[in-house]
Amino acid sequence: MATPVLFTIVALLAIGEFLLFGALAEAYRDLKQIREYSGLIDRPMPVELGPMQDQPPSILGLHPGLDSAVQAVAVYLDRRCGTCQSIVRSLNGGIPEGIWLVIIDESVDEAFTWLGDAGLEKGSPVASRVMITSPDAVEQQLGGVATPLAIEIEHGRLTRAKIITSIRQFYGLVPATRTLAPQVPEGVIG
Amino acid sequence: MPVLALASTTLVVAGTAVLTWSGLEKIRDRSPLISTATGLGLPRKYAVVAGTAVPVAELVTVATVVAGAPRYLSAALFAALGIVFASSAAWSMATGRKVACACFGASARKLGWFQVGALPLWLLAGWAMTGLPGSSFAERIGIFAAGMFALAVARAVPTIRLGIEARGDRWAAGGS
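If you read the sequences in order, they're chains D and G.
All the letters of the first sequence, read from the start, carry residue numbers 1 to 190 under this note's numbering.
All the letters of the second sequence, read from the start, carry residue numbers 1001 to 1176 under this note's numbering.
Keep in mind that the hints were calculated from the coordinates and are not lab data.
Given the structure is predicted, the values throughout are model-derived calculations rather than measurements.
Be aware that a few hints might be false.
Distance condition first, Cα-Cα at most 35 Å in a straight line; then the derived DSBU-like pairs of lysine-lysine [as the list claims (entries may be wrong)]: (1) K1098/G <-> K1110/G; (2) K162/D <-> K32/D; (3) K122/D <-> K162/D; (4) K162/D <-> K1098/G; (5) K32/D <-> K1045/G; (6) K32/D <-> K1110/G; (7) K1110/G <-> K1045/G; (8) K1045/G <-> K1098/G.
Make the full structure from the sequences, and use the hints.
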């Protein structure tokens, strides 16, 4: 006798949970609509690369090593942009593998002072994946850009560009091959 | 369990699961179904009645299966609901009305061939009901509780995903 009563209670609780989750899903959908109307969706905005599409990264003044990179992402950051500041603050002394930072600044020293606040010191090994470029150079190479701008590089070619609107998207840029590549022990070939 | 009995049980369980989800979603928010009924040409006061009657009929059908009511009653309810769904879709197509189906609550999907095509399945579920092997109430309520738990989980997963998206947007907009 106890078992059917227990099952009935479980079924009733599950019905309650079903109804509550349904109501919650509806509330989230309403919020999503509001966010869409307000332009608050956390979604990268694609940017046309134009004539730079499929060109080697060095054509943009990026590090020549990227011309032979299988997969990498160059992220353009500007001190004046709020999301860029959040991204730099989140770095905490390191840059995710496969990511290169391109700081748009007139002064190399000022750029590194800014990065230094996030633990990225000039001359440190991590800073080898930091490039500094002037606003004029960027204007010449890419035209007017909004930051943070991420340019994806595949097999030594510029493939896609997008404006990233959050830290979450920045970390989502870490190339999958970097995170999923099998770890081959040293000395083992193939 | 013989093949026929297993097939009957599967059909009835599937039909019951569909009616449970659909009935609970419609009863939670009746407005999409009322809007559908109005779109089909029912006067507002009858549309409001339909907005309650249809989900109640769906849940009553489930209750008759679980409670072990006479099988022909459950079978008749399965068939009747299938006929109501298919005839509504046929009516909308015949009169050229583009009406949201409200099959599982609010939806952008329109009433159409899908509901007409599902009629044989509802009739089959009704027929399967008559050939269902005998079972005790404890067995039926046990299966219903397990099924209901699975439905609740299936309802929770997309909700949690929506919540994560909302949190991502909040971080993007506010930084924390």
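The hints, checked one at a time:
1. K1098/G <-> K1110/G: holds, 6 Å
2. K162/D <-> K32/D: Cα-Cα ~22 Å, so holds.
3. K122/D <-> K162/D: holds, 27 Å
4. K162/D <-> K1098/G: violated, 39 Å
5. K32/D <-> K1045/G: holds, 32 Å
6. K32/D <-> K1110/G: Satisfied, since the Cα-Cα distance of roughly 23 Å is no more than 35 Å.
7. K1110/G <-> K1045/G: holds, 23 Å
8. K1045/G <-> K1098/G: Given pair K1045/G, K1098/G holds - Cα atoms ~21 Å apart, limit 35 Å.
Consistency note: the structure conflicts with earlier hint 4 alone.
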